[in-house]
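Take a look at the letters that make up each chain.
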Amino acid sequence: MEACGSSSVSLREFGCEQSLLSRPDGSASFTQGDTSVLAAVYGPAEVKVSKEIYDRATLEVLIQPKVGLPGVRERSQEQCVRETCEASLLLTLHPRSSLTLILQVIHDAGSLLSCCLNAACMALMDAGLPMSCLFCGVTCAIDTDGQIITDPTAAQEKESRALMTFAVDSKDRKVLMSLTKGSFSVHESRAMSAICFRSTIRWFFFRFYLHITDISYF
Amino acid sequence: TTTTTHVSEAEKVGEVLLPGDEFCFQTDDTISLTDPGRPEKVVCGPGLRRSGDRLLVCKSGVLRHKQPNMFWMDSQQRRYVPAKGETVIGIVTVKSGDVFKVDFGGSEQASLSYLAFEGRPRGTVGDLVFSQFIIANKDMEPELVCMDSSGRANGMGVFGGGGLLFIVSLGLVRRLLAPHSEVLADLQQLFPCELVLGMNGRLWVRSSSIQQTLVIANLLQSCDTMTAQQRQQLFRRVAQGAL
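Residue numbers (our numbering), protein chains in the order written: chain G, 197 to 414; chain H, 3 to 245.
None of these hints come from the bench; they were simulated from the model.
Only a predicted model underlies this, so the values are computations on that prediction, with no experimental measurement involved.
Note that CB positions come from ideal geometry on N, CA and C, so glycine has one too.
Check each hint, because a few of them may be wrong.
Where chain G lies over chain H, by a calculated footprint (3+ residues, C-beta under 8 Å) [said to hold, decoys possible]:
| id | stretch |
| --- | --- |
| 1 | 19-25 |
| 2 | 54-66 |
| 3 | 74-86 |
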């Protein structure tokens with residue numbers, strides 16, 4: 197099923213579709229404007245003895261770019277997504293198993309990491325993995341005038357002075373992960389995080405998640 | 003600042019809940035020695051975890067309640083996690099020593115001892131076996147048996163000639179196994195068939211001809227995501243087409 201959110205002043209139009217692939221245990225596609233990411237989850241499945249952890253599940257994240265082989269940039273994005281997922285999944289319920297999360301970039305038009313985080317969260321929910329909270333990703337940028345833009349496009353990202361991506365959890369509205377690029381003052385960073393936590397963004401994304409789940413349980 | 007909402011559990015039954023939602027019970031932690039009444043005991047099923055006197059939701063789904071005090075989350079899933087007492091269809095992968103290794107679709111293979119059959123264990127690599135979990139927790143290797151507590155087979159054991167094994171979601175199997183199942187009632191009006199339901203999402207069907215077997219398998223796989231009306235329409239169309 198598909199649902200589209202209406203565009204507000206600061207967010208591009210976003211949409212999500214779950215259970216679209218037949219082989220993985222959970223899958224979701226998330227679109228923010230023109231940026232689109234497809235996520236698939238396999239697990240809890242068998243794990244190689246070299247990678248198994250005795251008391252919790254081994255989470256592996258793979259980000260495949262649209263063109264070419266994954267490089268260093270994808271590895272650093274994978275680390276961000278993996279740390280966010282490990283903070284919200286209850287990994288101790290499946291010791292000595294593996295969870296694999298594969299993210300395929302369909303199109304990158306800005307705010308790629310936050311789109312990956314949102315797609316990952318929807319896919320983990322679709323797979324029915326036990327989680328302690330949901331999370332969502334938000335990107336914001338400061339342009340040359342000092343204006344803060346949320347959910348920037350690729351052109352806005354290129355011209356920006358600083359770029360920040362946050363992963364926020366749904367229960368306590370705390371930051372799970374933040375990735376920053378560029379130079380900005382302490383005051384600006386506080387303003388950016390406050391804007392990211394604005395109730396409209398929180399409300400949009402999490403109410404949206406609720407709406408999505410509502411559709412699948414008629 | 004965090005705000006915790008203390009919502010009573012009765013209001014939430016039947017609602018869609020997400021991981022991170024919680025509700026608490028207004029029960030006392032102390033048990034009175036002089037009071038003849040029993041303290042309220044709540045049973046948490048799958049999808050719910052207890053933390054102190056609060057219940058945390060850990061899977062998204064609909065909250066269900068069964069009298070007098072059982073709560074669980076009704077969620078959709080494709081991957082099976084073994085639980086004690088559930089009957090599953092497994093495939094024998096290794097026959098060694100005095101134990102079979104059975105693949106049931108979980109994160110590791112289960113072991114099935116030769117002594118856990120009613121008569122002689124008859125099975126080779128590749129056979130289907132219908133059995134029940136006797137040990138299934140996150141810390142130990144799962145173990146299966148093909149007999150119940152009194153030592154009788156009770157329908158379990160090696161089977162499979164002439165039928166078709168296919169995979170559906172766990173939610174559909176639970177709907178088929180529920181008492182007074184509508185899906186099963188609709189299916190019984192179509193063709194006579196033999197159906198084995200494994201709670202790991204594997205179903206096996208055998209009917210009087212190969213074509214009917216394939217029709218039933220396709221119907222069950224497709225009615226996973228349909229509403230009741232769509233399903234009944236589909237079954238009616240197939241019944242008319244077959245005659």
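Checked hints:
| no. | hint | verdict |
| --- | --- | --- |
| 1 | 19-25 | holds (count 3) |
| 2 | 54-66 | holds (count 6) |
| 3 | 74-86 | holds (count 7) |
Going down the numbered hints, you'll see the structure goes against none, and every one checks out.
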